[in-house]
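The listed protein sequences derive, respectively, from chains A and B.
Numbered by my numbering, the letters in the first sequence go through residues 1 to 293 in order.
Numbered by my numbering, the letters in the second sequence go through residues 1001 to 1304 in order.
Check the hints yourself; a few may be wrong.
[Claimed, not checked] Reference listing, derived: stretches of chain B covered by chain A, where coverage requires no fewer than 3 residues with Cβ under 8 Å from a Cβ of chain A:
1. 1065–1071
2. 1103–1116
3. 1202–1213
4. 1260–1267
[To be verified] Computed far set for chain B versus chain A, every beta-carbon distance over 10 Å:
5. GLN1061
6. ARG1084
7. VAL1096
8. MET1137
9. CYS1140
10. LEU1141
11. PRO1142
12. ILE1173
13. PRO1236
14. TYR1280
[Said to hold, decoys possible] Residues from chain A that keep clear of chain B, each with C-beta distances beyond 12 Å, as calculated:
15. MET127
16. ARG128
17. THR139
18. VAL147
19. GLY174
20. LEU189
21. ILE198
22. MET203
23. LYS248
24. SER269
25. THR271
No wet-lab data here; the hints were simulated from the structure.
Beta carbons are placed, not taken as given, at the ideal position from N, Cα and C, and that holds for glycine.
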Amino acid sequence: MPDVAEIDAAEPGASLWRDAWLRLRKNRLAVFGGVALIIITLFCLVGPWLSRYTYEEQDFAQYAKPPSALHWFGTDKLGRDQMTRIMHGGRISLGVGICATLVSLTIGVLYGALAGFLGGKTDAAMMRIVDILYALPFTVFVILLMVVFGRNIVLLFVAIGAVEWLTMARIVRGQVQSLRKQEFIEAALSLGLSQRRIILRHMIPNVLGPVAVYTTLTIPAVMLLEAFLSFLGLGVQPPMSSWGTMIKDGAELMEEFPWLLMIPAAFFSLTLFSLNFLGDGLRDALDVRTSKD
Amino acid sequence: MFRFIAARLLQTIPVLFVVATLTFFMVRLVPGGPFDAERNVPPEIKRELEAYYGLDKPVFQQYLDYLGRLVRGDLGPSYKFANRSVNEMIASTFPVSLQLGGMALGLALLLGITAGVIAALRPNSALDYTASGISMMGICLPTFVLGPLFILVFALNLRWVNASGWFDSADRILPAATLGIAYAAYIARLTRGGMLEILSQDFIRTARAKGASEARIIFRHSLRGGLLPVVSYLGPAAAGILTGSFVIETIFQIPGLGRHFVTSAFNRDFTMVTGIVIFYAVLIVFFNLLVDIVQIWLNPKLKY
């Protein structure tokens, strides 16, 4: 019988992820999503430095002009360059999406892992709380929170993150629980691997897959919630703007100046598309079964 | 079954208590009271107003008073609409939201299940890809993008319907469609998945071997199991449609409960906000219970 070190050496550690990567590359929609996402992110991050305009600078000769050579995406009713505003709006929308997802990721993973590890009555009680929280009208609470405490951007993503952690907690808990009973964990135990090694090599990689998939799918959900709040006038406040506030402003003027609605809406939807395709692709590639409920 | 329902109903009491408490104290953390925005209210009148609504008492006393009325189903008077109670305001605006939400949910189920079943019957065909592609678009086009686009195309350019308002039946089409489409898309995906799983099972092969017609196989044998994921999605969907109607009612200027909630929150109408939140919580809890019952009825294997 070969010893433990040899088995480990024979199988490269990254094989799960390499397999997943190979599968992901074959999924055209997911690749499209990933590439589009990288382009949009670069556009928003690097764009403002290359742009001739700032997001609040007004061009008094160019009020609400359609796209032209001077202003590629046109200008808004205050004569501000629409393209620069889209880049800044994208920074905020993506930023809120990622920060709020991180908040929900932290709460969800800790809560779920704890419930899964502890098991028994504690687990039952903890998951019962999650069930009850699921039944509450959370969007209503977020609206209330934004009204009560002013429209503070840090509060915005903390509030959204605090709403979105429930599903993550369920997924992690289910995964941890089923892993504890699996034969390969038992096998690893009987081979005499240390607790630390089992957790690092066998538990974490197996939980990481579903977490990665669900994180990718949480970002668009969070961005949607932020835009929803911004649309109601409860999100990011002027002169800052997210894609949500730009869509709101555009919707008010769409009759005369349709590009003010179309362009931010196109960017927003394309980003959601990309994230969802990428998430779906990752789920297939990592062979994760996630149920949304 | 009876015990299950009774237990679940009992469970809702602490949930509603927590919701009521949380909301009650949260709105009172707001800087500024409901009567601050009024122009030139002399201090003595403001005191009178606050005394009338019991706002001069200690907060905890107010809270006990509120709970006492709540137990009797009384959500208190509105601070902003003189002489109207919160119950009256909900009674006059909720039917509008209910109609909007009901139509949206009906549309979502009809479109979603049809598209999902068609896609599942011919998996990986052009038809399947078209249906799945359209669903993805429906999921990624949020209502606040879709609504204005619909208005732009169907109301302002084609002039088929009015851009806003809630008067004749034609006014219902655009808002209900805007609200329902995203859910239709989601339901289509769930139906496709559920049906694919059922259609690959042995008992369907047996039914086919015995010469059952395609229609009989779909309606008699597979839908019941294939729709289970859709049914469990209905709880979250109903909650989403309720809150989704905030945006729809704002875009289309519909006098429903959602728009009313947002305005009340901006106006610091404490009792109104608290009342509507509790009302929503009751609705959602009740709807989730309904969904659970339907689920058990559809799937006898589930234990309760």
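Here is what the structure says about each hint:
With a cut-off of 8 Å between beta carbons, the stretch 1065–1071 of chain B has 0 residues touching chain A; three or more are needed, and the interface restraint is violated. Counting residues of the stretch 1103–1116 of chain B whose CB falls under 8 Å from any CB of chain A gives 0; the rule of at least 3 is not met. Counting residues of the stretch 1202–1213 of chain B whose CB lies closer than 8 Å to any CB of chain A gives 0, which falls below the minimum of 3, so the coverage claim is violated. Taking a C-beta to C-beta cut-off of 8 Å, the stretch 1260–1267 of chain B contributes 4 residues in contact with chain A, enough for the three needed, and the coverage statement holds.
For B:GLN1061, the shortest C-beta to C-beta distance to chain A comes to about 22 Å, beyond the 10 Å cut-off, and the non-interface label holds. Remark: the non-interface label on B:ARG1084 is consistent with the geometry, its nearest Cβ contact in chain A lying 21 Å away (cut-off 10 Å). Every Cβ of chain A is farther than 10 Å from the Cβ of B:VAL1096; the closest lies at roughly 18 Å, confirming the non-interface assignment. The Cβ of B:MET1137 does not lie farther than 10 Å from every Cβ of chain A; its closest approach is about 8 Å, which violates its non-interface assignment.
With 10 Å as the threshold on Cβ separation, the claim that B:CYS1140 sits away from chain A is violated: the shortest Cβ distance comes to roughly 4 Å. For B:LEU1141, the condition that its CB be more than 10 Å from all CB atoms of chain A is violated, with the nearest at approximately 6 Å. A beta-carbon of chain A is positioned within 10 Å of the beta-carbon of B:PRO1142; the least distance is around 6 Å. Once the 10 Å rule is applied to beta carbons, B:ILE1173 is consistent with being away from chain A; the minimum gap is 19 Å.
With a closest Cβ-Cβ approach of about 7 Å to chain A, B:PRO1236 is found to fall inside the 10 Å limit, against its non-interface label. The beta carbon of B:TYR1280 is not kept farther than 10 Å from every beta carbon of chain A, the shortest such distance being approximately 4 Å. No Cβ of chain B approaches the Cβ of A:MET127 within 12 Å, the least distance being about 14 Å, so the stated non-interface status holds. Distance check for A:ARG128 against chain B: the nearest CB is about 9 Å away, which does not clear 12 Å, and the non-interface claim fails.
The non-interface label for A:THR139 is inconsistent with chain B: the shortest C-beta to C-beta separation is roughly 4 Å, within 12 Å. With a least CB separation of 4 Å from chain B, A:VAL147 falls inside the 12 Å interface cut-off, contrary to its annotation. Once the 12 Å rule is applied to beta carbons, A:GLY174 is consistent with being away from chain B; the minimum gap is 15 Å. The Cβ of A:LEU189 lies farther than 12 Å from every Cβ of chain B, with a closest approach of about 32 Å, so its non-interface assignment holds.
Every CB of chain B is more than 12 Å from the CB of A:ILE198 (nearest about 33 Å), matching its label as outside the interface. Separation of A:MET203 from chain B is adequate, the least Cβ-Cβ distance of about 29 Å exceeding the 12 Å criterion. A beta-carbon of chain B is positioned within 12 Å of the beta-carbon of A:LYS248; the least distance is around 7 Å. The claim that A:SER269 is not at the interface with chain B is violated, since a C-beta of that chain comes within 12 Å of its own (minimum 5 Å).
Not every CB of chain B lies more than 12 Å from the CB of A:THR271, the least distance being 9 Å, so the non-interface label is violated.
Hint violations for this structure: numbers 1, 2, 3, 8, 9, 10, 11, 13, 14, 16, 17, 18, 23, 24, 25, all remaining hints satisfied.
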